[in-house]
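Starting from the given sequences, assemble the full structure and let the hints guide the process.
Number of protein chains: 4
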Amino acid sequence: MSKRPLRIGLVGYGFMGRAHSNAFLQAGRFFKTEYEPLLQAVCARNRQRAEAFAANWGYQSVETDWRALTERKDIDLIDIASPNDTHRDIAIAAAETAKMILCEKPLGRTAAESEAMADAAERAKVSTMVWYNYRRVPAVMLLKQLLDQGRFGKIFHYRAKFLQDWTISAELPQGGEGLWRLDVGVAGSGVTGDLLAHCIDTALWLNGPLDRVTAMTETFIKERKHNLTGRVEPVGIDDASAFLGRFANGSLATFEATRYARGHKALYTLEINGEHASAAWDLHDLHRIQFFNHSDEGRLRGWRNINVTDGDHPYMKHWWVPGLQTGYEHTFIHQFADFLNGENDPPAFRDGVAADRVTDAVLASAKSGRWETVAASKK
Amino acid sequence: MSKRPLRIGLVGYGFMGRAHSNAFLQAGRFFKTEYEPLLQAVCARNRQRAEAFAANWGYQSVETDWRALTERKDIDLIDIASPNDTHRDIAIAAAETAKMILCEKPLGRTAAESEAMADAAERAKVSTMVWYNYRRVPAVMLLKQLLDQGRFGKIFHYRAKFLQDWTISAELPQGGEGLWRLDVGVAGSGVTGDLLAHCIDTALWLNGPLDRVTAMTETFIKERKHNLTGRVEPVGIDDASAFLGRFANGSLATFEATRYARGHKALYTLEINGEHASAAWDLHDLHRIQFFNHSDEGRLRGWRNINVTDGDHPYMKHWWVPGLQTGYEHTFIHQFADFLNGENDPPAFRDGVAADRVTDAVLASAKSGRWETVAASKK
Amino acid sequence: MSKRPLRIGLVGYGFMGRAHSNAFLQAGRFFKTEYEPLLQAVCARNRQRAEAFAANWGYQSVETDWRALTERKDIDLIDIASPNDTHRDIAIAAAETAKMILCEKPLGRTAAESEAMADAAERAKVSTMVWYNYRRVPAVMLLKQLLDQGRFGKIFHYRAKFLQDWTISAELPQGGEGLWRLDVGVAGSGVTGDLLAHCIDTALWLNGPLDRVTAMTETFIKERKHNLTGRVEPVGIDDASAFLGRFANGSLATFEATRYARGHKALYTLEINGEHASAAWDLHDLHRIQFFNHSDEGRLRGWRNINVTDGDHPYMKHWWVPGLQTGYEHTFIHQFADFLNGENDPPAFRDGVAADRVTDAVLASAKSGRWETVAASKK
Amino acid sequence: MSKRPLRIGLVGYGFMGRAHSNAFLQAGRFFKTEYEPLLQAVCARNRQRAEAFAANWGYQSVETDWRALTERKDIDLIDIASPNDTHRDIAIAAAETAKMILCEKPLGRTAAESEAMADAAERAKVSTMVWYNYRRVPAVMLLKQLLDQGRFGKIFHYRAKFLQDWTISAELPQGGEGLWRLDVGVAGSGVTGDLLAHCIDTALWLNGPLDRVTAMTETFIKERKHNLTGRVEPVGIDDASAFLGRFANGSLATFEATRYARGHKALYTLEINGEHASAAWDLHDLHRIQFFNHSDEGRLRGWRNINVTDGDHPYMKHWWVPGLQTGYEHTFIHQFADFLNGENDPPAFRDGVAADRVTDAVLASAKSGRWETVAASKK
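Chains as they are written, first to last, in my numbering: chain A, 1 to 379; chain B, 1 to 379; chain C, 1 to 379; chain D, 1 to 379.
The set of hints was computed from the structure by calculation and includes no laboratory data. These figures come from a predicted structure and were not determined experimentally. Please note that a few of the clues may not be correct.
[Said to hold, decoys possible] Per the computed footprint, the stretches of chain A lying under chain D, defined by three or more beta-carbons under 8 Å from a beta-carbon of chain D, are: (1) 8–22; (2) 260–274; (3) 318–325; (4) 328–342.
Note that beta-carbon positions come from the ideal geometry of N, C-alpha and C, so glycine has one too.
Rendered as structure tokens:
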């Protein structure tokens with residue numbers, strides 16, 4: 001084979017380290033690409049775990065210091081799958097050593113952090129990607145195609161929610177392995193940066209910029225034991241976050257995220273109402289969209305339950321046959337294949353900055369009690 | 001008002017007596033008709049109950065002998081809502097006194113009974129109707145219109161089920177008040193004449209005649225206490241009934257009814273698969289149809305979830321506004337309004353005969369273990 | 001019969017006049033009550049239409065001036081089903097002549113109006129009811145019972161939406177017959193008082209008082225032809241309205257109403273997330289609730305799709321048998337039966353005031369861009 | 001690593017060759033196993049295509065004659081993913097060279113073929129597996145666990161359907177690349193062996209043996225152009241197949257498969273109704289089950305929509321986090337991991353024989369018009 005090798009160095013071995021590694025391995029099996037991803041090294045502070053991870057996934061070597069990883073000459077691409085408080089420094093270091101950079105979302109804990117990352121990458125002229133993987137759900141990509149074709153006409157409403165219930169117990173500690181998302185110092189924020197950020201990224205991509213927002217956040221459990229200190233400490237993250245907003249195209253935004261919606265595991269839902277059509281999608285049945293076409297004959301109008309698994313649906317000719325669904329992990333495979341092939345405009349660091357500017361405005365509004373303007377993006 | 005009075009005599013005061021009486025009262029409020037239904041008399045063996053029923057619904061008088069009712073000169077129409085074993089004799093007597101006749105389904109316990117009823121009515125030249133009310137669900141009527149327009153092309157499959165779970169307990173007695181449906185002498189059969197008959201009637205109406213069937217029936221609980229005798233007696237009815245069959249139009253039939261499907265209250269479902277379109281409906285959400293239109297653009301094909309509540313849907317301009325659902329009782333109102341107005345070809349006794357011929361063939365096949373031909377209908 | 005006559009005078013003959021009249025006629029057939037509602041008079045400015053309405057529904061007489069109606073000695077109860085701008089004056093006049101008063105929602109165009117109505121009724125010591133009929137959906141009443149039993153534990157989230165699409169066309173005029181809901185002078189507001197008010201009333205009933213809100217409204221079509229003047233005039237109503245809020249019990253509110261959600265006819269949805277359970281309901285399938293019970297065995301937890309049609313479900317023993325659904329009109333029948341029987345605490349004028357105070361705060365916040373406090377209710 | 005190498009030789013490079021190869025590669029990444037699958041060789045008559053397939057999936061070598069493959073000493077396991085008419089001879093040859101054997105379903109074109117395969121494997125004492133992959137859907141495995149725990153009590157009904165619509169066009173040819181499923185000589189039968197066989201295998205596993213059946217088959221399109229001969233030739237396969245039957249446990253079977261159900265892509269559905277519980281599953285939303293538990297509190301009984309994605313659900317702790325769905329390909333991964341680990345009793349050749357005996361009885365009954373007894377299985 002004459003494929004070009006792409007030597008990958010991964011930071012982090014958690015949930016996202018696994019999802020990314022799987023994408024690196026699977027993309028080439030199902031999509032044509034001129035690159036051959038090579039799993040060169042994985043980096044984690046705990047050497048034993050890093051080695052076990054490397055053995056499982058086939059990484060050739062292990063590092064325990066991310067600076068060492070970024071400085072290696074035999075690596076072309078750094079993938080950041082470590083907690084949010086490490087993103088900025090790793091990305092800047094990777095840029096300075098001229099590596100391509102992939103980074104989990106949110107890009108920074110604040111727009112200031114993500115802006116610094118994007119600036120560094122631009123100075124270094126390196127390719128970047130932020131793992132806003134839900135853009136790469138075939139059903140969501142189909143929505144994007146329909147919107148770009150003008151099928152919806154003028155957009156009136158865009159609403160999104162991301163509902164979970166995993167932190168309701170007051171016994172759940174904060175901080176440390178698997179629970180850093182509850183530690184505001186590490187995560188930057190709670191559901192705003194974690195779940196709402198996904199809703200925001202998809203919305204900006206599908207429906208364009210958000211101009212301003214008014215928001216509300218809440219921390220239902222005010223104190224939790226901290227796993228690293230062993231003490232009960234104030235909880236700094238937001239458990240729930242909601243905002244109303246106005247898009248630049250005149251449509252109205254209603255957004256909500258929470259980890260206190262009993263019965264919902266990872267229910268990201270979105271709905272768009274336009275002059276000529278409406279559509280809805282949710283993550284619990286990610287292989288479907290609901291689509292309403294006002295130009296259908298009147299008495300036969302109804303929401304179409306579309307099983308997005310046919311060969312003429314986005315990405316699906318690469319998989320199985322109609323009716324056979326793909327799942328969560330495929331979104332990462334699609335995103336990585338698109339990155340390799342430069343297709344479908346994969347989300348870059350500037351997109352990460354744009355999302356962070358909205359989450360910053362949301363958090364600011366929740367504090368100020370006023371409408372806050374979203375800072376304008378360069379892009 | 002110049003409306004023509006239509007003096008009604010009702011036999012029976014149970015579930016169906018109530019549903020019919022409500023239809024008599026409501027039809028004129030929501031539909032234009034030249035008739036004014038007058039609730040002249042209700043007949044039941046138990047005078048006290050008949051009087052309570054009459055007081056509640058506004059019947060002007062009470063009879064305790066149905067022969068007396070059929071002989072009254074001040075009655076134009078006899079409505080038979082009493083158990084199945086009374087249908088034939090009441091109907092024949094009503095025909096002989098030249099009354100219009102409405103009768104609950106199944107028309108007879110056997111096709112021989114229902115044929116005698118239809119013959120008597122035809123000799124007397126009186127109007128008849130059998131209460132196969134599910135034809136008058138707006139969603140089902142919409143299916144009929146679509147089929148008549150040829151929207152489905154050649155039909156390949158018609159499948160129907162009617163699933164209930166109310167007789168699973170072995171403690172449930174048979175016979176007597178409210179439980180005569182378990183007494184084969186009174187009911188004629190079990191689910192075949194009760195539930196499957198509905199499926200069959202709708203199918204004959206929508207998809208044309210059934211030529212032949214192979215069937216299976218089962219009685220899960222073999223003995224039950226009989227309420228009238230006080231003794232444990234063999235159960236003669238079928239608890240479950242299923243058949244495969246062939247329609248005259250070449251499509252395949254798969255039908256099933258049971259009272260042993262835990263979790264289903266009254267789940268009548270039907271689905272039609274044609275060359276160009278498919279549709280499905282169920283009684284638990286009777287105000288909707290699912291419709292698949294193959295001529296829709298390929299990647300946007302999906303089952304349309306159609307809320308059949310708009311003004312251009314059958315019957316619905318007479319009710320409220322789009323999105324506001326009607327329910328079970330409306331099917332009787334629609335059917336009675338159609339009968340008064342001679343619209344939409346309401347099911348007459350010959351239709352009742354046709355359904356009974358299929359149920360006869362089903363029961364015969366279940367015994368013989370062979371395919372049985374459905375006797376040809378006169379109509 | 002020894003029932004006490006209740007002589008009703010109705011103002012208005014539109015959609016709501018029909019729904020109420022049907023409730024007056026049906027309540028006694030299906031529910032036991034000591035009252036016998038008598039349709040004494042209907043009042044409308046157009047005598048011909050009033051007479052046609054009276055003939056259809058059985059009203060004994062016709063009035064063309066509501067003041068004459070309120071002054072009649074042979075009337076016990078005034079039911080106000082005319083446009084919003086008439087509610088206050090009719091109600092006050094009815095109170096002054098010591099009539100019971102039923103009134104369509106919203107009670108007033110503003111809380112000041114509804115407060116005057118409630119004050120007048122209290123001075124006159126007359127019974128009142130506001131037709132917030134959705135409380136009387138059996139499924140919603142079941143939710144109320146579950147909440148009152150503490151099944152949900154601490155409530156975290158309450159969200160509601162009411163989505164329609166009937167005013168998207170710019171060709172639709174405002175004002176006059178059937179379109180007064182688009183005329184701000186008559187209606188008071190747009191979707192806020194029309195649709196959002198329903199969501200708010202149910203929420204206050206189920207989840208208790210709302211303390212404060214931040215809101216956004218929009219008028220997508222800025223000018224429409226006015227049917228009464230014949231001129232194109234500015235549109236004063238809100239086409240869409242959304243708010244975030246905080247309930248007194250600490251739960252978070254996210255509410256939205258619009259007439260620009262293509263594909264939705266009358267999709268009122270609500271969802272409650274509590275510590276131990278969650279539930280959801282919607283008006284397009286009003287006979288169901290979705291219920292999630294966290295105490296179910298872990299691997300078998302799921303949202304239960306409950307068909308609220310059994311005899312042990314609220315109101316349902318009065319209707320048919322399990323699985324057979326009722327519809328929209330039944331909510332009015334239930335509410336009227338409850339009013340007659342003094343059961344289930346039917347919504348009175350003070351409840352109408354409470355809802356109007358929230359809609360006032362929503363409209364004020366949409367103007368001010370700030371969080372607004374909901375005025376405290378007397379009740 | 002000290003894993004034991006397992007050298008695989010694959011026959012066939014089509015849809016199933018891809019699905020199996022993916023399973024070979026992924027099983028070790030997500031499941032612990034002592035084996036290391038090595039992709040030693042792929043065999044196909046067309047060398048160019050075999051080489052392209054080998055390059056994509058990482059097979060080390062290529063064969064064009066399956067006999068050569070079975071005779072290689074450096075191969076431990078033969079996986080048969082070629083058309084049905086090749087299964088028997090390859091399997092027997094593989095058994096004779098003492099290879100483990102995996103084979104796509106149906107095992108044989110007839111029970112006689114599959115019996116010969118099972119006999120050969122038993123004589124050679126080699127491990128076998130037939131790819132009835134739907135047993136390994138996490139939701140279906142959950143059903144199996146619940147059934148084995150006796151949660152359903154006595155079973156009354158088992159119904160299954162497999163509906164597709166891809167052969168409706170009369171223009172579709174039969175035979176050759178990708179279309180051999182329409183050529184009766186190659187496939188053995190139509191939907192009976194292809195789709196119904198899946199339904200049957202799952203049913204035998206979940207609900208035990210089927211004793212006897214009465215069946216109906218149909219070929220809607222009687223002649224199609226044959227791709228290999230270029231001539232229009234009679235179609236020998238069944239386009240649709242349905243049967244009624246009786247399980248040994250006394251429950252009733254209603255089964256149907258078709259490729260003429262417009263609007264359904266691969267809708268395999270099954271439902272079990274027991275005394276205490278019912279459950280349903282379908283392939284279009286394979287990550288869910290619907291479960292009804294009669295012991296739930298009466299008024300809160302409903303079908304639970306269970307998202308089978310939690311760590312305590314079968315297989316799911318190996319994947320992502322709750323709410324994130326897996327898809328079709330995972331069933332093969334699970335099945336292969338179970339085979340490697342000897343867990344969950346993977347379907348062996350004797351299970352393939354059992355399914356083929358039912359399909360033989362179905363086809364025989366469709367011809368004879370009588371109930372046919374299913375031949376007793378050795379196992």
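Verification of the supplied hints:
Counting residues of the region 8–22 of chain A whose CB lies closer than 8 Å to any CB of chain D gives 3, so the stated coverage by that chain holds, three being the minimum. With a threshold of 8 Å between beta carbons, the proposed coverage of the region 260–274 of chain A by chain D holds, since 4 of its residues qualify and at least three are required. With a threshold of 8 Å between beta carbons, the proposed coverage of the region 318–325 of chain A by chain D holds, since 7 of its residues qualify and at least three are required. Taking a C-beta to C-beta cut-off of 8 Å, the region 328–342 of chain A contributes 3 residues in contact with chain D, enough for the three needed, and the coverage statement holds.
The earlier numbered hints are all upheld by this structure, with none contradicted.
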